[in-house]
Every structure is written in structure tokens, then in C-alpha cells.
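Using the sequences and the hints given, assemble the complete structure.
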Amino acid sequence: MITLNSSMTIQASICGVLPSLREKHDEFMLRELVKRWSNHKVMVRWLSRFFYYLDRYFIARRSLPSLNEVGLTCFRDLIDVEREGGQIDRALLKNVLDIYVEIGMGQMDHYEKDFEAHMLDDTAAYYSRKASSWILEDSCPEYISEPKLLEKVQNELLLVYENQLLEKENSGCRALLKDDKNIIFASWIWLGGRSVPDVQAYSKVTKGLEPIGNIFKQHITDEGTALVQQAEDAAISKADNAGGSHEQVFVRKVIELHDKFMTYVTDCFNSHTIFHKALKEAFEVFLNKGVAGSSSAELLATFCDNILKKGGSEKLSDEAIEDSLEKVVKLLAYVSDKDLFAEFYRKKLSRRLLFDKSANDDHERSILTKLKQQCGGQFTSKMEGMVTDLTLARENQTNFEEYLGQNPDANPGLDLTVTVLTTGFWPSYKSSDLNLPAEMVRCVEVFKQFYQTKTKHRKLTWVYSLGSCNINGKFGQKTIELVVGTYQAAALMLFNTSDRLSYSEMATQLNLADEDLVRVLQSLSCAKYKILLKEPSSRIVSPTDYFSFNSSFTDRMRRIRIPLPPMDERKKVVEDVDKDRRYAIDASIVRIMKSRKVLGYQQLITECVEQLSRMFKPDFKAIKKRIEDLITRDYIERDKENPQLFRYLA
Amino acid sequence: MEYSFSTQFDIFSIYRRFSDIKAGNIYPGGGVDNMLNDDSEKVRCFREAMFQLSKLVHSSVNTSLILGELHKLMSCLNMGDFSEFSNFYDFVFFVCRENGQKNITVSRAIAAWKIVLSGRFRLLNQWCDFVEKNQQYNISEDTWRQVLAFSRCVHEDLEGYDPEGAWPTLIDEFVEHMYRITGSNNCSSNSLTCNVMILMVRHPCLKNLFQV
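Chains C and U, in that order, are what the protein sequence lines are.
Its first residue numbered 1, the first sequence is counted upward by one per residue in this note's numbering.
Its first residue numbered 651, the second sequence is counted upward by one per residue in this note's numbering.
In case anyone wonders, no lab produced these hints; they're calculated from the structure.
Misleading hints may appear alongside valid ones.
[As the list claims (entries may be wrong)] A partial selection of chain U residues facing chain C, derived with a Cβ cut-off under 8 Å:
#1 Ser790
#2 Glu814
#3 Pro818
#4 Thr819
[Claimed, not checked] Ranges of calculated distance between the beta carbons of each label pair, as one might list FRET restraints:
#5 U:Arg772 with C:Thr544: 55 to 63 Å
#6 U:Asn775 with C:Glu637: 25 to 33 Å
#7 C:Thr632 with U:Asn775: 26 to 34 Å
#8 C:Thr266 with U:Gln776: 56 to 64 Å
#9 U:Arg694 with C:Thr423: 50 to 58 Å
#10 C:Glu575 with U:Gln776: 32 to 40 Å
#11 U:Ser663 with C:Glu637: 26 to 34 Å
#12 C:Cys526 with U:Lys783: 39 to 47 Å
#13 U:Lys783 with C:Gln522: 34 to 42 Å
#14 C:Asp555 with U:Lys783: 54 to 62 Å
For glycine and all other residues, C-beta sits at the position ideal for the given N, C-alpha and C.
As C-alpha cells, then:
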């Protein structure tokens, strides 16, 4: 009984469907269809467990064909309406499509056969109809250049689905970027960018480019951040052997990344400003993070040093060197701490110049020209001064040698080379009042006399810490030439007159600070070459130690270089930069207040940041501290009524 | 008007003279001169008068006793009147300075705050503890004055504090410290600065700020 009743119900319900569908038209018919279909589904769900067979039979044989035809016609009409720009219910279309899929019991056969094929034919027919009517209406150039067609296609295919398209997981914008499918990408963008001149489409398109720009930016930021992470990991794993090559690799990779995306910007995006901006912002994000404790300003300076110095890790042709330098300078544009770069660069440049490590003068000058173009003359004036100083120093040395030739009584007794530098250009060096050995004192005197003949009003300050000496050590087995620093040489010379000296005796005789003396003695008694014997012998130097000349020392080389343990320069550079920044902030605040007389706090901060942003990005707290300091020093005062207001005090 | 401090240190008369100079009534030499209209001249006279007075204070007062004297003075003044109190507050800084110094030491500032701001600043104890532990430099006059303003506008929960205001850094740091220990507000130092940054980036006329 149940069976009969139920089958009657289904039949009745399905029979009711057709007439009710026929009564309705167009969209309403489809709505009805969807409603009925969902009713049907509910009913079927309840009944299907009993009447599986019947259910399938009835639907398959009786309702499907008719439903199909009616549904499809209405559906097509509806789609035509949309093509003409009418508003339709996309959700409804989606539901109808679902029906096709569901009828196929999850298979796509029905969808493909019954719907898709018809739909595609229909689409083709529609556009060919349209095209023929446009052909009649428009002249040829209008037809092609007027964005009618393109805009249509673009509208249908791109803008409506823009977000889904852009964010599609496997084939969206990001995936295309990832797989370097720049050809597809480019054509796609081209399609979007084609109608830029058209005023009407313009707003649509620029709005369309912005999200792409954002994705572009995000993608570059992610890739860059990944490089930073890689470099950090490399730094940690290599922490023991202190290689430093991971830094080199990092900068190389960043340059490659920049090249790659710059090509996108120029080739695919037609150098559109949105993409230039995206590229810039992305690089600013990850290049200002720093890698494993060093800022990217330092990394870039080190990278340049490795390229420019003799025997650096990079072996490159002249063109490749020029190209790399060009690119590093471009990257510097994204780094906010340009002053920090300048300080590190100067430090390394001074080492290259003073210790004759610079591989090529032309490259040195060429990068300075590039830096000057990008950061202005003030940025490079000191560095240029350094390079010039060295050229002058060579001339000066020739003059000095001529002078010695003409004045035989002014013989220094040793081969002496002096490099005269201009104080302001070079990094500040500690010049301690070392007690020189008598032989060297004579040299200094002779040079002073010579220099007096050239200039009257200049004061010479001797920076012994930068000097280097070649001295002969007469050891038991053979004489070895030792290449050492002036401090080390002075320490060794003490043993010409004494056999054994205590640490404190050496300290007084040399007049050296503990910090320096410890390094000197470390290098001579605890390192690879033990020129001095230390009592008690251990790895570190302490103020209670005694030292004596190691006459049994020997080496298979005839000439050896004994380096001083390296000093951590980074700390000093950062301190120097901090100090310079304080002066720069002070000067900027005073300049602003002098012209404005009275100014609110926020405005003062803003103007100050703006003035200084070419060199560095000052921290608000630092500016605040400088304001407080200037109040104490009576340059400015806080307004009595309004604490947010500052006044300039003349 | 004649003032005599000849024999004994008298905080009352010094305070009176201090108030007079501040109000612009007294010029060096003791005379009243209304002919001084030039601003820079006024400033010069004001500074000169203050300098003379501070010399007098240092020559006649035993610095270790000064806090007790301030206590005495405070009990005689009408502290209900804010302008009177504010004047007195400035005076405290003035007499706490050591010879020729512009700023006062941290320990002295704390001792003075404990007397002057007692019952007027709800976070007084926390403030003094914080300053004692974290400030190694002397306290400047500007910071001293701003602490009074801070004590008046900020409640126990630090409501009323504007992180973008021109507060001295010591006060900013105190607020960050309070947020950290109470944990009631998730505004850490970083998010404070971040807020400022975001604000600036969004502000249209500041756009060019972050361009290189």
C-alpha cells in the first residue's frame, strides 16, 4: 500500500511540475524550476530509501527530457539578456547549473552534453551576430581600436571575476608569478591595460591594476623575506667558521630578485607607476629588516668591498663589476639607513686605500659617481676626498723622495713612506701617543721638516695604529722578515735592549693603553707565530705576565705577516652613526624652529622626519629626546599654556 | 621694597621673592620699573633676578635641610588654589637645584615629589619607584613641570594619556612600564609607535614622508 501511494505521490508531483513550469516565463520559470527541484529533492530524499528503483526510473524516463529542453531554452534567453548588459540573478543561474550536475548523479556528463555544448554554441552564435552588426555600424579602425569588443570580453572574462581570478590558488596571479609564467601573465595584463587610453574604461582599469599591484607587492615581499630567512639560517649554521659568504650570497640573490621583478615591471606592466611603487615598497619592507644582527646597509657595504678589494671572494670581469656596482647602488635606494651605509662604506674604503687593497681605481671612482647621482654630492664628498687624498699622497711621496735625494743630511735611516690624509674625510682613528723606537723618531722628524717646507699652517697628527713596518728578526736558525704594525714593531724593538720584560714595564715604555697592548702581545705571543715567549704560557695575556724574545723561533717562509686580532668595528660604526644622527636631528629641529618660531609637536616631528629622510629614518623617540635636550639648552621652550607647542628662543 | 636675608635662611621670604620675580614685579636692584617694555630686556632682567636669588639660596641654605623647610612652607600656603600650588611646585625645583646646575638629581627629585605631590598624584609611588630604577640622568625643569601636568590629567588606569602627545620621554617610558606590569592594556611600546606610524602613513599630506 505504501508503495502504491508513494509512487502516486511522485507521479503526481512530477506531473504537476510540467504544467506549472510551462505557465511561467523566462527567469520566473527558472525560479520555479529551482524551487520545484529542491522540493523534489526533499521528497526524494524521504522516499528514496524505499523506492530506489522507481525513483530513478521515473525521473530518468519521464521528467528529464522535458525538463531539460524547457530549462535550457529559458536559460539561454536569460544569458543573452546578460550579454546585453542586463542585470540578472547569477545565483539563480548557478542553482540551475547545479541541477544539471545533480541529475547526472555527480557526473559531469549531463552538464557537458546537455548544457555546456549548447551554451558554447550559443555563445559563439551570439558574438558572431554581435560582430556582424558592429561591422556594419562601425568603420574598421573603430571596430578594432574602440574598446567595444575588448571591453565586452574584458568585462565578461576579467572584471566580473577579477578577484576570483587573481586569487585562484593554482593559476591566479600569485601562481603565475611563482612559476615565472610571465607570458600568460603579460598577455593577461595587456588585455587589461589595452584600453587605458579610453577614458570611460580608464577608471575601471586602474582600479583593476591596483589589486594586481598589491598582489605583486605581497609576492615580492614574501620572496624577499624568504631570502632574508635563508640568509639567517645560513648565518646560524655557519656561525662557527665565520665565513661571511652567506652575506655575499644574500646580496646576490636580492639583486637577482630585483632584476627579475624589474623586468616584469618594464616588460609586462609597461612601467606603470603602480608596479614601480609596488616593487619599491616591497623591497623597502624586507631590505630594512637586517640579517642575523647586521643591517642591510652593512651587508651592501661589505658586498661592495668584496667586489672592489684585491683577492675578494668575487672574481668578475670589468663589465660584471660595473654591473654589480650599479645594482647595489640601486638597492641602496630602498634602504632607509643610508648614513649607516656611508659609514661602513667609508670604513672599508679606508682599509682598501690605506693597505693598498683596492683592486682598481677606476671602479672605485665609478661607484662613487653612481652613489653621487643617487644620493647627492654631500653623501659622497668625504669618500671622494679619501680617494683624492691617496692620489695626492702618492705625489707627496715622490716629492719626499726627491727632497731626500737633494738633502743628504736629512737621511731618515730607513725607507719611509708617509700617507698624508685630510682629517675630516676619513673615519676617526684613535691616535695614541706611542713612544716610538729612536730609529722611527728620526724618521718622523725628517718628514716633519720636509712637510714644513711645503706648508706652514698644517698640523700633522701621526696615526701609528694604521702604520705598518717590515723588520728583520734575527732568530737562531735564520733571519726572517716580519711584516707587522707599528705598535707591534715598537713592542718588538724593546727586546733589542732587554731580554725579559714584564707587562707593566712594556706598558710604561711604550705608553700604550691596555686595550692596545693586550692585542699586540696576543698577536706576538699567543697566536700562530710565537715571536715572544710568555710566562706563564697560556692563551690569554694578563697584566702579570712576563715576556722574552723567542730566539729559537723559525718558519719555512722567509717573510711572514703577523696580523693583529681584528677589532669589532661594527659597534664603533653604529655608535658614530648614532652620534652623527643626534647632531643631525638637533640641527634639523633648530633649522625648522628658526624659520617657524612657534610650532606644534606633531608638526615639528613630521617636518624633522621629512628633512632627514634622505639620510635615515629617525625614530620618534630620538627626536623627542633631542627636543628635550634643546629645551634644557635654551634653544627652544615649551609654551606655558599649551604643552604641545614649542617656541624658538633667539 | 626691602628684603633682608642677612642672618638666617627664611624660606618664606625667598618664596615671596621668587613669586614676585615670576609675576614680573621685581627687577635687579629691588626697584619696580614699568618702563621696561622690550621683551628681550625683560627676559634678561628675569634671568638676572633668578640668578641672584639662586645664589642667595645656595649661600644661605644647607641643602640637606631644604626638604624640611619646604614642608613647613607648604603647610602655610593655600594649596587649594591651583595657581598657588603650581607656583609652589616650580619653586620646589628652583630651590632643589644645586649650585649652578640646570637640572636636579634623581634622588632629590624623588624626595621632593614625595612631599609635593603627596595626595595629588595617584600613581606617585609607582612613578617614584620607576624613576628611581630607570632614570640615570638628572631631571630637567621641563620634565619636572610636565610631571605636574601629567599627574593632573592622567587617572589611575592611565586613561587620559595621549601616546602621540609631546610628553617627555621619561613619562612615555613610565606609561609603557605601567602597561607592561598591569597588562591591562595591550598597548606595548611597539604598538604605540606603530599607531603613530600608521597614522602618519595614512595622512594624505604626509605621504611623501616615507619616500626615499
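Quick rundown of the hints versus the structure:
no. : hint                               : in the structure
1   : Ser790                             : holds (5 Å)
2   : Glu814                             : holds (7 Å)
3   : Pro818                             : holds (6 Å)
4   : Thr819                             : holds (5 Å)
5   : U:Arg772 with C:Thr544: 55 to 63 Å : holds (58 Å)
6   : U:Asn775 with C:Glu637: 25 to 33 Å : holds (31 Å)
7   : C:Thr632 with U:Asn775: 26 to 34 Å : holds (27 Å)
8   : C:Thr266 with U:Gln776: 56 to 64 Å : holds (59 Å)
9   : U:Arg694 with C:Thr423: 50 to 58 Å : violated (39 Å)
10  : C:Glu575 with U:Gln776: 32 to 40 Å : holds (33 Å)
11  : U:Ser663 with C:Glu637: 26 to 34 Å : holds (28 Å)
12  : C:Cys526 with U:Lys783: 39 to 47 Å : holds (42 Å)
13  : U:Lys783 with C:Gln522: 34 to 42 Å : holds (39 Å)
14  : C:Asp555 with U:Lys783: 54 to 62 Å : holds (57 Å)
The structure does not agree with numbered hint 9 stated previously, though it agrees with all others.
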